[in-house]
Amino acid sequence: MGVTAATTLASVGFLSVPAVAASRSGPDPVKNDELKKALRSLEARRRRLLTGRPSTNGWEMEKQTDAGGSIWTCDVAGTPGPLTVAVRAGDVATVLTHVIRRFNYEIDALGTKSEAPALLGWIHPGKVRDSALPESNQASGTAVVIRPTWYTPGAQGGFTDAQKDTVRDILAECEGVVRWGGDDRRPYEGLFSIDVKPGDVRLAKIAGRIRGWNETPGEGAGTGPDPYQPARKRAADRLARQQA
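With the first letter of the sequence shown counted as 1, position 189 gets the number 189 in the numbering used here; the numbers rise by one all the way through.
Don't take every hint at face value.
Said to hold, decoys possible - Here are the simulated lysine-lysine pairs, DSS-like style, with alpha carbons at most 27 angstroms apart:
{"#": "1", "residue 1": "127", "residue 2": "37"}
{"#": "2", "residue 1": "164", "residue 2": "205"}
{"#": "3", "residue 1": "63", "residue 2": "37"}
{"#": "4", "residue 1": "63", "residue 2": "164"}
{"#": "5", "residue 1": "63", "residue 2": "233"}
{"#": "6", "residue 1": "127", "residue 2": "233"}
Calculated directly from the structure, the hints in this document are not laboratory data.
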């Protein structure tokens, strides 16, 4: 076996499992020096990036962003600049950027100087006071805070009733995959988190749907869906009761 084998180990999640250990009995099964070097490199990467600790929604917190792990800085289409945010790549990024885009188009335009920063995604696990708090999801790349200097943790009243209705519609469109911090016991109205655990098929389902919208003119964020359309309002009210 050579580098290809090491690459295969990485692609199936080597970074997220304990280090590979040789059997204590018998000869070392890993004979290839090149492979052993690759394994050592992967293990060093694992220790450098991963914490072994989940955030409150079950996703592992990571120590770095844009460093070969799962969390990367991405553009938010349709925002000035465009704005960027560091979140977990793949389905999580697709869903969370959709939430941000709808906020920008339908609740209030982002990117003004008075709100800097407009977005805050990943934070270092060392800044997490309590991994049971919803804010811990930021350290796993599965949450974003919109206008972190505007919406104070523990405070309510940052949104008008009409804006809250749009938030409810966004959550319902995501079919319960996203939770709003305004519904938490200690409210944080700027916080939006992935509300399913790793591997939940609902995340892949809604992410696939959003990607389809993004590729189809006249669909998705920016098309101005009516949150008061009866079926949408019923879905939003039902989810609000479930997530209360």
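Hints and how they fare:
1. 127 - 37: 33 angstroms, violated
2. 164 - 205: Between residue 164 and residue 205 the Cα gap is close to 25 angstroms, so the pair holds against 27 angstroms.
3. 63 - 37: 23 angstroms, holds
4. 63 - 164: 34 angstroms, violated
5. 63 - 233: 40 angstroms, violated
6. 127 - 233: 38 angstroms, violated
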